[in-house]
Amino acid sequence: MKRMLRLHRIFVAQYMKNLMEYKVDFLTGAVSFLLGQVIQIAFLGIIFSQIPNLIGWEFNEILFIYGFSLLPKGIDHLLFDNLWSVGYFIVRKGDFDKYLTRPINSLFYVIAEKFCVDAFGELAIGLILVVYSVIQLKLTITWYMIPLFIVAVVFATLIYTSIKIATAAIAFWTKASGHITHMFYMTNDFSKYPTTIYNKFVRTFITYIIPFAFTAFYPASYFLTGENPLFCIGGTVVASVLLFIVSVWIWNRGIKAYESAGS
Amino acid sequence: MIYVNDLRKEFKKAIKEPGLKGSIKALFKPNNEIIKAVDGISFHVDKGEMLGFIGPNGAGKSTVIKMLTGILTPTSGTCEINGHIPQENRQKYVKEIGVVFGQRTQLWWDLALRETYSVLKEIYDVPDKEFKQRMAFLNEVLELEDFISSPVRTLSLGQRMRADIAASLLHNPKVLFLDEPTIGLDVVVKDNIRNAIQKINAEEGTTVILTTHDLADIELLCNRIVMIDKGKKVFDGQINDLKREFGQMRDLGFELQSAGDLSKLQYLSDLNLSADDIELKNEGASVSVRFDSNKVSVEDMLSYTLSKVHVKDINLKDADIEEIIRRLYRREVSIDEV
Amino acid sequence: MRTYSPFTRAGMLESVAYRANFFCFLIGEIMSCFIMFFVWKAVFMSTDSETFMGFTMEDMVVYLFITFLTGYLTYSDGTYAIATEIRDGSIAMRMIKPCSFDMCFLFQELGNKIINVLCIFAPLVLGVEAYRWIITGACQFDVVHFLLYVVSLVLAYLISFYFNVSYGFMAFYLKNLWGADILKEVIINFLSGATIPLAFMPKALASVLNFLPFSSLSYTPVMIYMGMYSGAEIALRMTMQVFWLCVMILISKVIWNHAVKRLCSQGG
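Chains as they are written, first to last, in the working numbering: chain A, 137 to 399; chain B, 1023 to 1360; chain C, 44 to 311.
Hints are not guaranteed to be accurate.
[Claimed, not checked] Below, a list of computed lysine to aspartate or glutamate pairs in the DMTMM-like style, where the Cα atoms sit at most 25 Å apart:
{"#": "1", "chain 1": "A", "residue 1": "LYS138", "chain 2": "B", "residue 2": "GLU1152"}
{"#": "2", "chain 1": "B", "residue 1": "LYS1334", "chain 2": "B", "residue 2": "GLU1277"}
{"#": "3", "chain 1": "A", "residue 1": "LYS392", "chain 2": "A", "residue 2": "GLU363"}
{"#": "4", "chain 1": "B", "residue 1": "LYS1058", "chain 2": "A", "residue 2": "GLU363"}
{"#": "5", "chain 1": "A", "residue 1": "LYS234", "chain 2": "B", "residue 2": "GLU1102"}
{"#": "6", "chain 1": "A", "residue 1": "LYS392", "chain 2": "B", "residue 2": "ASP1028"}
{"#": "7", "chain 1": "B", "residue 1": "LYS1117", "chain 2": "A", "residue 2": "GLU363"}
{"#": "8", "chain 1": "B", "residue 1": "LYS1265", "chain 2": "B", "residue 2": "GLU1305"}
{"#": "9", "chain 1": "A", "residue 1": "LYS153", "chain 2": "B", "residue 2": "GLU1277"}
{"#": "10", "chain 1": "C", "residue 1": "LYS227", "chain 2": "C", "residue 2": "ASP145"}
{"#": "11", "chain 1": "A", "residue 1": "LYS250", "chain 2": "B", "residue 2": "GLU1144"}
No lab work stands behind these hints: they were computed from the structure.
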């Protein structure tokens, strides 16, 4: 574990050097991400200027859920973005060979190689929204809420990452699976709003099938209402650990099926 | 050291009829075909040996290498290297091998070459002192000094290949796999690389397994070759054996004093040969005769020729490895499974 | 026309070959429409009014899905295609081919589009109309508006195509277009009214945006489909579209000629 952290730091340092070669590009990207989020929030503002609340949720509560959803998404984006490349081209081009001829875990290697700095845009907006809405709502914060908050964010991140690992691994059989990752990943937007606005089918789907509801609404609702900690936080932990186990299993099976590419 | 036993690898390949119609058909009824890329190959390699893998395109060379390096999982059969099975406990195994794929680089594209080595040092856990020694050695053999501070994307192909070989040797592997290490390089660079490989083999006793299309690589580097075709092994042995066994074809070249004398040479009838055993070509007065030295001795051939015609110049060429292999690829020579 | 049919065919083959990718991608993208559908449903449940800033619930649904359809069909890969060719130097090959550079791209992309149109156009329009019928109890489909929409959609696509081609030439100056591309998407989605309907924006901003080329890309065709515009307004808007199309074609030609000069003097 210590070696992994050390290696990770070295990879990040290398990646940053790499990035400096493309400073302008990366800055434009990060600013654009930010801008996109600001526009989305402005839209929410317009909607709430016309209605008192959204079936019982007031504007600041929605902002809290929205902001919370950006935290695990941003961390996943920051640390585990290279999984997209696995599904889009690393396997198809046969470049995965490289990861298999190194004396470190292939999953770890592929993940650690990239460090997606533009995610700081998402993280910043998420944090600002959470802090702003907590102040506006005058939420009382008890001491144990802070570790619980961290636990919730960490395990919520694991849900994102596990879904990406599992869908990226499909490429070992089909050569390319970026579009499958995309399809599953896009489901995460459902978690930005209270699940109570959806019909029963969608609610069941994002709770039990692809548990994105645990990446934002459930944990966030606990911090907003203080109700149901076992389901809201415990559920996040259980769902993410189960998903992670399954995805690593698929990954390892996938490596056995890897066919490389003709030389 | 390396034991390979009845190794097989099958791939599924979707067959698609051409054109838009075929594409739409494949959409509803995919048609799969099983391709035996490697079809029961066995061999073994001793420590310190340099083994050349040859065969036509698509013969399965790279597939074998990829199974030996743990990248592909065999459909059946086993390979064991240094007591490791590559697919099991991969991380431990790959510490003992170095791999270079000629058409693909393992270097960090946008960074100075030096950076690649310092990352690899960490990945392979090479201690500082050893790292310095290794770098000094590799520098000497592969002459990296001139470009070690340049970004990899600016290196020439020859420099990149040297850098890649150095990268694969940083952790002092026991076995080095080279997949087409001289592809696309000019003659001088090829020579450099061959010398370096030889030196590494001699000084470190590194076992080297290489695939190539360049037969000069084989002649200059390998004590032994394994030839495969259509996934099967067709030859395994010393190059000299190959020459001895299949190199019976000789080339006799000479220049006639008058071109009209050519008709006096009736090899087929006078020496009692069949058309398969001899082939005569001429361009005006210069003649070349390719003959099977098992059917007619060199001595008989020479004395018959000299007795019939007057020649200005005469030479006899040894069996050419390239010619043998060309004939093998074309299946003109049949070999029993060794 | 005959010169370009192989390009169209190649484009069609390509998109059939990647049909699985296409469907997965589509499902991923259309998901956001459904999310917004539920959000709007909740909005209308939370207000006593029948309308929201002049839109009824079924207007909103039509707006969502037709905007998605329009955005999808007017999407052009021109930027990426040009940038790739500039980077690997194959743009020079365009100069020695006996056809104009933009037409080759255009017809290849059209081949791609034909398949996509077949797959999503009818289902989406039918779905939207069925929904409107069920909710309002009467068929709301208007043939005239629909046909005008199709014309406006084609204009929108062409504007988008030439805009993207021009944008792609930035690759001559930037090492990587990743960031610039995201910026383009965000800004266009905002300015064209795809993210927030222009009607919801402050009056002054909305009227400025209405006269910029971006509203021609999405908002104009969608409003025509929904029958929000009067006859005179439709005429004005479509004239604007034609105007902007001419401007975009002109710009792309100027840039291309500039690029040819640059290629000739610098050798790529």
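Hints, one by one, checked against the model:
With a CA separation close to 22 Å, the supplied pair LYS138(A) and GLU1152(B) stays within the 25 Å bound. For the hint linking LYS1334(B) to GLU1277(B), the alpha-carbon distance of about 5 Å falls within 25 Å, and the restraint holds. For the suggested pair LYS392(A) and GLU363(A), the alpha carbons sit about 45 Å apart, so the restraint of at most 25 Å is broken. Taken as a hint, the LYS1058(B) and GLU363(A) pair is broken in the structure, with Cα atoms around 61 Å apart against an allowance of 25 Å.
Restraint check: the Cα-Cα separation between LYS234(A) and GLU1102(B) comes to about 21 Å, which is no more than 25 Å; the hinted pair holds. With a C-alpha separation of about 19 Å, the suggested pair LYS392(A) and ASP1028(B) falls inside the 25 Å cut-off, and the hint holds. Restraint check for LYS1117(B) and GLU363(A): not satisfied, since their Cα atoms lie roughly 52 Å apart, outside the 25 Å limit. Only pairs whose Cα atoms come within 25 Å are accepted, and LYS1265(B) paired with GLU1305(B) is rejected, the gap being roughly 28 Å.
With a C-alpha separation of about 67 Å, the suggested pairing of LYS153(A) with GLU1277(B) is violated against the 25 Å cut-off. A distance of roughly 20 Å separates the Cα atoms of LYS227(C) and ASP145(C); the hinted pair therefore holds under the 25 Å criterion. Pair hint LYS250(A) plus GLU1144(B) holds up; C-alpha atoms about 17 Å apart against a cutoff of 25 Å.
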